[in-house]
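Colleague: Here are the chains, one letter per residue:
2 protein chains.
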Amino acid sequence: MTATREEFEARLRQIGADRYHDKHPFHARLHGGQCSPDEVRAWVVNRWYYQSRIPMKDAAFMSRVTDPALRRAWRSRIEDHDGREGNEGGIRRWLRLAEAVGLDPDYVASGEGVMPATRFAVDAYVRFVRDETLLEAIAASLTELFAPKIHAQRIEGLLQHYDFADDSSLSYFRNRLGEAPKDVAFGLQYVLDHADTAEKQDAAAAALTFKTDVLWSQLDALWSAYVEPARIPPGAWRPGQGLLISAEAS
Amino acid sequence: MTATREEFEARLRQIGADRYHDKHPFHARLHGGQCSPDEVRAWVVNRWYYQSRIPMKDAAFMSRVTDPALRRAWRSRIEDHDGREGNEGGIRRWLRLAEAVGLDPDYVASGEGVMPATRFAVDAYVRFVRDETLLEAIAASLTELFAPKIHAQRIEGLLQHYDFADDSSLSYFRNRLGEAPKDVAFGLQYVLDHADTAEKQDAAAAALTFKTDVLWSQLDALWSAYVEPARIPPGAWRPGQGLLISAEAS
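As given, the protein sequences belong to chains A and B, one line each in that order.
Quick note on numbering: the first sequence equals residues 1 to 250 in UniProt numbering.
Quick note on numbering: the second sequence equals residues 1 to 250 in UniProt numbering.
Treat the hints with care, as some may be off.
Any copy will do: because identical chains look the same in the list, a pair fits if it lies in one copy or spans two.
As the list claims (entries may be wrong) - Think about it this way: if two alpha-carbon atoms lie no more than 25 Å apart in a straight line, the pair counts; the simulated SDA-like pairs of lysine to any residue are:
1. K23 to L70
2. K182 to L135
3. K200 to V65
4. K200 to Q14
5. K200 to F128
6. K149 to R64
7. K149 to R53
8. K182 to N87
9. K182 to G89
Because the hints were derived from the structure by calculation, they are not lab data.
This is chain A alone, in the form it adopts within the complex (with noise of 0.2 Å):
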């Protein structure tokens, strides 16, 4: 039986309540303090690959839609992450939040120390936006609903507990806290809006599922290769690697 807008979206918040990875260990170890500087730094180089392909998955997106209207409400996306005129954008962010950590920014930019795990998670969810319906592809970006609060929290808890944090290198998260909403309303107006039937409700929320998947995987992958029981897969980014000179001196 197909669900009531309202229903309907209770359904979609309930599963970021269940599954959204702010419930995930690592972000508490992160946001309380525990992590070690190679820990932060591991998150950093790996987060990175997520944030380098997010432009590119709403680029697949515009690639299938026909219609320029929400082409072009969906454009400030591609924006908000490769910068505009004023706006440096939320790559060059993500990388000098790297350098605060002491890593080279081209070694984190060249993508070599990305585990395959988080590859794999990242380009599945690429290949999930240019495959799959547009409702799906739309539904899959609704995180963004409950991004906001894990940036407040994120940027507390690094302000409190890591030299590095300061406005500069935790710039990221606080404008995303601005575009994450705006991002977000017309995602969920979207989707309430298409999702007519049962069927319809019941692909977007599969589709919502599979990207809290996608962003749990990836915290999953960074636990078992740096924290416990800390087996980094071959190839993957090892202590030591990638620092600025500077870092690697002091």
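Given chain A's structure and the hints, the job is docking chain B onto it.
Modeller: What follows is chain B alone, placed relative to chain A:
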């Protein structure tokens, strides 16, 4: 053997001299004032499909680009077509031309009357850009090298021969006069820089040749359907369809 940069650029330009659709008899007919109002309408209906797919093609390209700087440089193409603050964009300008020739812009935008042959050619281009190398995708866009000349001829010819032609209805072409050279300067530079082996030069030349085929075959289809033998394929636009009320009454 790898050609020098100059030789290779000359080879690319020769492809335009031999095969660009400015040499197609439909264009001579259109620009020379020999097209009937219905032939002009058929051209507007079908060429709309090409226009409408160009931003999707450019998004497909961007979805494959890992370099944020290259994505940023490419993004303005989408804006040129979809519009931005203070610029209605090429797609709306095309629909103004549709209105000027007596067509209902909603009918044209629906794509209903587009010939299958037009779809096949245009969709082949979008797929090409999605599937082939970035170098080939950019090389295919280099038909823009030859566009300003045909746009200038078109503006002059249409103004001289057709009542519908004025600054508003022809604004699409006037805008392209400014946009295309900026795009193509970037694209030509990229292709000359990256086609650094004989094999890549051949691939880039083949991509540009393919693109001239995409453009040419659209005009062949138009001629066959609406000029001679004037055998309109099933489902395609027929004279009298999709007219504005005011045009029907006149």
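Colleague: Taking the hints in turn, state whether each one holds.
Modeller: How the hints compare with the structure:
1. For the homomeric pair K23 and L70, neither the shortest alpha-carbon distance inside one copy (33 Å) nor that between copies (36 Å) is at most 25 Å.
2. Taking the closest pair of Cα atoms, K182 and L135 come within 25 Å of each other only inside a single copy of the chain (18 Å); across copies the shortest separation is 35 Å, beyond that limit.
3. Taking the closest pair of Cα atoms, K200 and V65 come within 25 Å of each other only inside a single copy of the chain (18 Å); across copies the shortest separation is 31 Å, beyond that limit.
4. When the C-alpha separation of K200 and Q14 is checked against a cutoff of 25 Å, the pair qualifies only within one copy, where the shortest distance is 17 Å, while the shortest distance between copies is 52 Å.
5. When the C-alpha separation of K200 and F128 is checked against a cutoff of 25 Å, the pair qualifies only within one copy, where the shortest distance is 16 Å, while the shortest distance between copies is 31 Å.
6. Within a single copy, K149 and R64 get their C-alpha atoms no closer than 31 Å, and across copies no closer than 31 Å, so neither meets the 25 Å cut-off.
7. Only within a single protomer do K149 and R53 lie at most 25 Å apart by alpha-carbon distance; the minimum there is 23 Å, versus 39 Å between protomers.
8. In this homomeric assembly, K182 and N87 come within 25 Å of each other (Cα to Cα) both inside a single copy, at 17 Å, and across copies, at 23 Å.
9. Proximity of K182 to G89 under the C-alpha cut-off of 25 Å is found in both arrangements, the shortest distances being 16 Å within a copy and 23 Å between copies.
The structure shown violates the earlier hints numbered 1, 6.
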